[in-house]
Amino acid sequence: MKEIMQYINRDSFLHRMNPLSKIAAVTGIIALSVLTTNPVVLAFMVFGIFLASLGAGLQQELLKQVKLLVFLSISLILLTVFTLKSGETVGYLIPAGTLTAGGLVPVTTGALDFGTVLSLRFFAMLFAFQLLVVTTKPSDLMKALLAIHVPVDYVLMFVIALRFIPSLQVEGQRIHEAQLARGYNPGTGLRGKIMSVKPILVPLVANSLGRTQVLGLTMDMRGYRNRQSVEKNKLTWNKTDIAAIGCVAVMGLGVVLGGFM
Amino acid sequence: MIELRNFSYTYGTAASPALKNINLEVRKGELLLVTGHSAAGKTTLALAMAGILHHEIGGKIEGSISFQNRDIKEFDGIKELSRHIGVVFDDAESQLIFTTVEEEILSGLENRGHPKNEIVRRLKEAMDFCEISHLKHRAPHTLSGGQKQKVALAATLALDTEVLILDEATAELDSQAVRKVFSVLKKLKEAGKTIIIVDHNIGDFLEIGDRVVLLEKGEIKAIKNPSDFTANSSDLTSANLTSANLTSANLTSQNFTSSNLTSTSALPTDLPLSRKAGQPIISVKKLTQRYGEVLALDSIDLDIYPGELIAILGENGSGKTTLVKHFNGLLRPYSGNVAVKGLETSTVPINELVKHTGLVFQNPDNMLFEDTVEAEINFGLNNIGVKGPETAGVILHSLELVNLSEKQKVFPRHLSRGERQRLAVACVIAMKPELIVLDEPTTGLDAEESDRMMQLMRKLQQEGHTIVMVTHNLQIVRDHVERVIRMESGKIVEDSVNRKFSGKGPVDEENVYGEHVSKESVSKECAKGGTCA
Chain E
287 MKEIMQYINR DSFLHRMNPL SKIAAVTGII ALSVLTTNPV VLAFMVFGIF
337 LASLGAGLQQ ELLKQVKLLV FLSISLILLT VFTLKSGETV GYLIPAGTLT
387 AGGLVPVTTG ALDFGTVLSL RFFAMLFAFQ LLVVTTKPSD LMKALLAIHV
437 PVDYVLMFVI ALRFIPSLQV EGQRIHEAQL ARGYNPGTGL RGKIMSVKPI
487 LVPLVANSLG RTQVLGLTMD MRGYRNRQSV EKNKLTWNKT DIAAIGCVAV
537 MGLGVVLGGF M
Chain X
238 MIELRNFSYT YGTAASPALK NINLEVRKGE LLLVTGHSAA GKTTLALAMA
288 GILHHEIGGK IEGSISFQNR DIKEFDGIKE LSRHIGVVFD DAESQLIFTT
338 VEEEILSGLE NRGHPKNEIV RRLKEAMDFC EISHLKHRAP HTLSGGQKQK
388 VALAATLALD TEVLILDEAT AELDSQAVRK VFSVLKKLKE AGKTIIIVDH
438 NIGDFLEIGD RVVLLEKGEI KAIKNPSDFT ANSSDLTSAN LTSANLTSAN
488 LTSQNFTSSN LTSTSALPTD LPLSRKAGQP IISVKKLTQR YGEVLALDSI
538 DLDIYPGELI AILGENGSGK TTLVKHFNGL LRPYSGNVAV KGLETSTVPI
588 NELVKHTGLV FQNPDNMLFE DTVEAEINFG LNNIGVKGPE TAGVILHSLE
638 LVNLSEKQKV FPRHLSRGER QRLAVACVIA MKPELIVLDE PTTGLDAEES
688 DRMMQLMRKL QQEGHTIVMV THNLQIVRDH VERVIRMESG KIVEDSVNRK
738 FSGKGPVDEE NVYGEHVSKE SVSKECAKGG TCA
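Protein sequence lines, in the order shown, are assigned to chains E and X.
Residue numbering for the first sequence follows this note's numbering, starting at 287 and increasing by one per position.
Residue numbering for the second sequence follows this note's numbering, starting at 238 and increasing by one per position.
FYI, nobody ran anything at the bench for these hints, they're computed from the structure.
There could be a bad hint or two in this list.
[Unchecked claim] Computed Cβ-Cβ distance ranges for the label pairs, DEER-style: (1) E/I380 - X/T379: 46 to 56 Å; (2) E/L495 - X/T609: 12 to 22 Å; (3) E/L349 - X/S642: 53 to 63 Å.
Heads up, the beta-carbon is just placed ideally off N, CA and C, and yes, glycines get one too.
This is chain E alone, in the form it adopts within the complex (with noise of 0.2 Å):
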């Protein structure tokens, strides 16, 4: 089965760097794809993470998320076609002399700007998060998140909600497996789709529900509500946590830069 944003276990220049670095590069990506609207400085950033998975041999986990954000930017640049009107008109959707005369939906320079932009962000973004996740362990994320004082409940919450990913696939397919086995028959067309939903969400949400309570034991039996102090696990830098952080840094000098310019 494929599994989506899980730590893989091997060992690569990534996996090696400071959870710290990568958490702060990934932030400091996050940040300048929502403050730039260049799409050259988008796109060499989805570049450099490209580089930097291929570089740590995870460029498959991210090519699995290719499919998935291509359909979102092909929506997300239709969006931007039907509702955004400015700059020169390049064409029409519907060209002239189909329906009408003149051609509807103006195609417009600014509206396939705006939707790549907006579709080189949740690239990089999806990218730089993916990267942090499947090179770092839960337990080393957790550690780093409590070390810059992300309150603990919060950090318990991303944690398990990364671990449970799985989980509820597999319980997913095994709901699907037992209501397979009464004849169920997923029904075709939109209302039958959305009819053949509740046999398996049903289960699966009430389930998940009853989980809580143990979970929630579970971690206090853990003792992560009173943490002794985590000194002796320190988290050690070391250069490529430099190099990655002065890139980002770098990065983002540009883009203020470039926008003051």
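Guided by the hints, dock chain X onto chain E, whose structure is given.
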């Protein structure tokens, strides 16, 4: 160590108390066994002793509990109590927070701030104890139920608390793994730990137990010496302490004595004869199944004939469930073939196959989603095209079979675990498949409920169904099943007729039901398979 004085407890939303007037002192270094029927208050008692009722759940509390001579209320919540008391709950999945087994065990140790070498030592020890070192880097969702329980146990053991409470923590373990837990607990007891085991089936732990507390309807019915339980059979039956009583008093009272049992199933008893008669209902030829690199099934050949009652046995991960998923087309053969009533599963669609094979999974909660019991059964009927007025009769009949006819309009998730399990069976039998396959039908059920489930199997067999069950409950297999298939790493290593039903000499009741014999036969099986540690 832990002392309960006139302790009564009512859950916030409940009308009647879950525990009534409990007086109990758990001594330091003691191994206390707590048992009773479902809903007798076992889990509530475990939560009470861990201080969880006071600090986490709330509700109406009367009387007092003290831990090490200090009122449990005075502790600074679970965060302080958990330094002294470790609890392993029955739901293993929810106790695994991290993405690898190693992290799972490390997490608690690191939070406690132990020095590095101490952490490494304890990690290794806990993993060795529970035999999970080879799973170190595996993610929890890739583990089997039994493996998850072992990890949950290891994570708690590593914390090395003075008190250890196990609440049905071994339900999904096979016999071999339970023996291992047994020896671990024995060592811990020798090291002076206080251990409380809460389980509906404490048979495996009687040998190391100091006292047995028997709960009934929220009250302590008796506190006994473990040896009294094995010796005195009337205790056994009244208390439902081991699954041994499955066949004794309960069955007799329902006009189902063992002699009756053999005679009612006269035809299938003589297996070789029934095998000759007719075509097999399931025919498996050279079936191989792979999950990635793992060879889950290795060239299986098997024929199942109409009217048989078969058990498929095997340790966790031996391929049992994988095999039965081929019987209704949930899995298609990687190579080889499977025919259900002559229909090749590789070509016939699954919604056609389910008319012939009904598969009931281990966890009924994975299929119940409707608002009433009735609607739940109707779902399956509609799926195979049974509609209109005739459904009412079919629903009623299947509910009668599973003894739930009173519950037609009830919300399924309000039923007890045993009732939900039986409802799951009803959902499948309403579709009138010739073959009914049950995956671990008695897991999570107490002896009385398991017994009811097995009677239901017998009844269905008499109605002409063929029954295959996947189980690791040896007692049930010995008492109820005619043909036993044992699997090991994807292969069938044994396919034999149960001695009890084969007609070869009289069955010695004592030997069949005696606790010591069951252990002996377990080790014999181990010796044969050559896998036991």
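Quick rundown of the hints versus the structure:
1. In this structure the supplied range 46 to 56 Å holds for E/I380 paired with X/T379, their Cβ-Cβ distance being about 50 Å.
2. Judged by the Cβ atoms, the range 12 to 22 Å given for E/L495 and X/T609 holds: they are separated by roughly 20 Å.
3. Taking the beta carbon of each, E/L349 and X/S642 are about 56 Å apart, inside 53 to 63 Å as hinted.
Hint check: no violations occur; every hint is consistent with the structure.
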